[in-house]
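Q: Here is how the chains run, residue by residue.
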Amino acid sequence: MQLIAEISIMPEPIFSLGSFVVTNSMFTSFLVALILIVSTVLAARKFSLIPKGFSGFIEFVLESLFDLGCGAVGEKKARKFFPITATIFLFVITSNYIGLLPGNSTLFVREIPQSEDKVAVAPQVVYASSASTSEGHELNPMPSAKDNAEKSLESESIKPVSDKVSEPKTSVEKEKFIPIFRSPSADLNLTLVIALFAVCSIQLWGIRFLGLGYFKKFINFSNPINFLVGILEIVSEISKLISFSFRLFGNVFAGEVLLIVIASLTTFIFSVGTLPFIFLELFVGFIQAFVFSMLTLVFLGMATESHDH
Amino acid sequence: MDTEAAKLIATALAIGLGAIGPGIGIGLIGSKAAEAVGRNPEAASKVQTISILGIAFAEAVAIYALVIAFIIKFA
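Protein chains in written order, with the working numbering: chain A, 1 to 309; chain B, 1001 to 1075.
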């Protein structure tokens, strides 16, 4: 069960540019941005009143998003908030779906030795020699898959992850593989950044619409009840941040773990059993992107609404 | 009981207990949404949007439990 042991909550570094360590989810998120930029350029290359093909598809997606926004907060506000919510939707759905593509957890790199700062000198030599003798299968997923198949043919139950932990720390001799691609949404850093962006834009638009009166929602000395409600409002702004980021991270990460566990329960041919779960993940990926952008829109609508009628 | 056993039990308890409340909540939201659409079929699309948002809120609680379970298990 090597694959089970590969699950890690944190993204793992795959290479470093100088002192800047690039993790696998960061790498994939740049890929997502590239995909979005290229598809936008392709779709906007030639404008026409009745777009065909790819640009027609993009127009369909954006128009349905816009109509949904109009239904939620009205056309005037939806037009203003559309860039924020549509960007969030497109980025989140692309990064959810890129995690379902083949190659996501089957392409590996070897761990870079520099990342382990507590490696003694002697094991490092061992690592270097083992790396030099077994060159040429850098991107080979077969060892783990074969291992996996053999183990399940022996009808062993799933070994707990602790198996690896309880071993003495000679992980230098054991080759460690790190997936190159990891869904950006399965990394708490990225979901937290999107949540920060969403919550900050909610505050900024609130100030822009209501001026300094926006802060009356938070700090209000007019009577004790309003003061307590203001404290609750401050807490709710912070909890928005937590719930936005953990909802997306939890769903996508749980989906990845689910797919890995289901795939490693079965052998090669019977891995077809993963298929329904992939459909489930497609559905979850869409729902989460939709929920993220719709909630941002609804909160934007609420923040820009004046309370004293 | 060693630490590993306690960890496994804590993982199972975290997600098991954490899924009870959201399960009830999602069931209530779904039943009310079905009822609302039954009463007023024209409002189906609006009810759908609202119920999906509500389900997302309820589900978020289960996701917190799941994240805690993952943290106990893998960290």
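I should point out that these hints are in silico values taken from the structure, not numbers from a laboratory.
Each hint should be verified, as a subset may be incorrect.
[Unchecked claim] Okay, derived cross-link-like pairs now, PhoX-like style, lysine-lysine, Cα gap no bigger than 25 Å in a straight line:
| no. | chain 1 | residue 1 | chain 2 | residue 2 |
| --- | --- | --- | --- | --- |
| 1 | B | Lys-1046 | A | Lys-76 |
| 2 | A | Lys-217 | A | Lys-240 |
| 3 | A | Lys-217 | A | Lys-80 |
| 4 | B | Lys-1046 | A | Lys-80 |
| 5 | B | Lys-1073 | A | Lys-77 |
Q: Against each hint, give a clear statement of whether it holds in the structure.
A: Hints, one by one, checked against the model:
Proximity of B/Lys-1046 to A/Lys-76 is assessed by CA-CA distance (about 19 Å); at most 25 Å being required, the pair is judged to hold. Note on A/Lys-217 and A/Lys-240: the hinted pairing holds, with a Cα-Cα distance of about 16 Å set against a maximum of 25 Å. Restraint check for A/Lys-217 and A/Lys-80: satisfied, since their Cα atoms lie roughly 22 Å apart, inside the 25 Å limit. As the CA atoms of B/Lys-1046 and A/Lys-80 are separated by approximately 21 Å, the hinted pair is consistent with the 25 Å bound.
For the hint pairing B/Lys-1073 with A/Lys-77, the CA-to-CA distance comes to about 44 Å; that exceeds 25 Å, so the pair is violated.
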